[in-house]
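Those protein sequences? They're chains A and B, same order as listed.
Heads up: the first sequence runs through residues 1 to 254, numbered per my numbering.
Heads up: the second sequence runs through residues 255 to 334, numbered per my numbering.
What the hints contain is simulated information worked out from the structure, not anything from laboratory work.
Nothing here was measured: the structure is a model prediction, and the numbers come from that model.
Where hints are given, some of them may not hold.
[Claimed, not checked] Pulled a few chain B residues facing chain A out of the computed Cβ check, cut under 10 Å:
(1) Val306
(2) Pro307
(3) Val324
Here a beta-carbon is modelled for each residue, glycine too, at the ideal position from N, C-alpha and C.
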Amino acid sequence: MVGALMASFLLLAATVWLARRGTLVPSRFQALVEFPIEWLAGIVRGTGGKRWAEFAGLVIAIFLFVLVANFIGLLPGVGVVGITVEGEHGEELLVPFVRAAAADLNFTLGLALIAFVAFIAWGIRANGVGGYLKELLIAEPAYMTPLLTPIHIISELSRLISLSMRLFGNVFAGEVLLAVILALVPLFVPVVFLGLEAIFGFVQALVFALLTMTYITLAIAEHRQHGEGDAHSGDTHAGHEPEEPEAQPAPGMA
Amino acid sequence: MEEPNTVEFQLLAAGLAIGLGTIGPGIGIGIGFSRAMEAIGRNPEASGTLFVPYILGLALTEAMAIYALVIGLILIFAVG
Chain A
1 MVGALMASFL LLAATVWLAR RGTLVPSRFQ ALVEFPIEWL AGIVRGTGGK RWAEFAGLVI
61 AIFLFVLVAN FIGLLPGVGV VGITVEGEHG EELLVPFVRA AAADLNFTLG LALIAFVAFI
121 AWGIRANGVG GYLKELLIAE PAYMTPLLTP IHIISELSRL ISLSMRLFGN VFAGEVLLAV
181 ILALVPLFVP VVFLGLEAIF GFVQALVFAL LTMTYITLAI AEHRQHGEGD AHSGDTHAGH
241 EPEEPEAQPA PGMA
Chain B
255 MEEPNTVEFQ LLAAGLAIGL GTIGPGIGIG IGFSRAMEAI GRNPEASGTL FVPYILGLAL
315 TEAMAIYALV IGLILIFAVG
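This is chain B alone, in the form it adopts within the complex (with noise of 0.2 Å):
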């Protein structure tokens, strides 16, 4: 039997954890930006007072994308 190429598999793995750790940020951040955008529609003057926030709590999502990165540049250059 064939010794299977772990080399493709680390890029396999690499794909599969940034594609599927972004889902979840992806549609976390869509919502943040719905509500954020509900609320500057409801009320235009608060639009100043929402930025800051706002940015911080994408940033904060988006970590766990940023976390899923980070798996899968070690799984490329690290692993093996």
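Chain A with its partners taken away, still in its complex shape (with noise of 0.2 Å):
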């Protein structure tokens, strides 16, 4: 909670920061600070579809906050410096001041929380409640609906748990990998691996970004795609036997 803190602090110090003294021509830290902000928005315009610039602010900040937070659980002296307490069956635990923020679920699930809650709002904004209920509950060929909808329920939610245990589990493996290098080879060996963990920081924070954004986009096309899916599936009744369940749309990418 105290990383999270820390990642949220030091985001605001800089957008104050960059509120106050930035120019328009640059200077260095200015630069630092604005290019994986304009390198991602060049990536949201790129894929995002038509409306890419509603949401490209959330998927920004998602990947700054993860990026940061990741960052901030590699220095030195996170999760390590702290006070010891009494377990459960007395022996002794180590409670540290700072831990890397996404090694513990209640973080990464928040995170995802607030991205299922977009994809879900976009979701309605762009087809209505009623279209989304009639994407989300009746299927394709109306006879397939006993068997996919609870599919499509499941892949719904199953985007929920993948994308919290994805980042939880990184970042906490990432932690325990570095502790056991260290107790393997405590000199130089441990090197490579932090540098490994920040490559994985970054594409973890990236990965977290890139997924809210596919799910907004697809929850923006799904009515669209229903659209070419009818007129398509009106061709196909009318002329050779139905072959909807491999021409339809995937339900959702898990």
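From these two lone chains plus the hints, build me the complex, please.
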């Protein structure tokens, strides 16, 4: 929790500094802060569809927050300096002052809930409540509904689980890996793994942001795809035997 | 006859779950990465456009290993 607070204060300080001191021709520090934002905005513009500007802010905010939180988790002293308390069975437990934020499931689950609510809200805004429920509950050929509807609902919920557990698992496993390597080979070798963890921290932040973007884009585009699917199924019904299960848009990427 | 120690079996099951569960995603990510490298080798200008789909595919393949991790954590912390 302290790590997440530190990350948000750091981002807040950078925002305030930039709002006060930002200039049109960026200084060196300003260019450093602006670079990832512009880079990610370019990616969102390229893959986010027509309405990319609406959710670009959310995607970039998630990316920066997770990135800074992950990098704070790699600083020396984080997760190691703390107080010892007595555990349940009388053993000594170390409670660190600052932990890697994403090594706590509450942090990642909170972020994943934000993303979950966001892509459902965008789906409802784009298609209306009826359209969203229709997309969720009624399968493309109506007779497949009893089979496909539970799969749909589970795949929607599994996005929440896989988003949160992916970040948690990676960062937590990274902490454990570093501890194990430090115990095995205390000199030089951990540096390699520290670099590896820095790359993972960046990649996982990017993955979280890009998946949020993809889910929102899918939720917005579902209606349009649905219309195409309808026209397509009409064709196949008129023509040969129906092949909808393969032809229909994927129910969701989990 | 002695009662089997369930905690040890839980730990064994958790280890098996994550160990066997990472085989498939490992192969999958390897195939995806090798194809991406092949594509970049053939057409180096495409590395920019390949980056985002590659990262997304990696994340979705990795999701299977994440489910194994969830099962492992459930076995250790939530069962019994």
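Hints, verified against the model:
no., hint, result
1, Val306, "holds (6 Å)"
2, Pro307, "holds (8 Å)"
3, Val324, "holds (5 Å)"
In summary, this structure violates none of the numbered hints.
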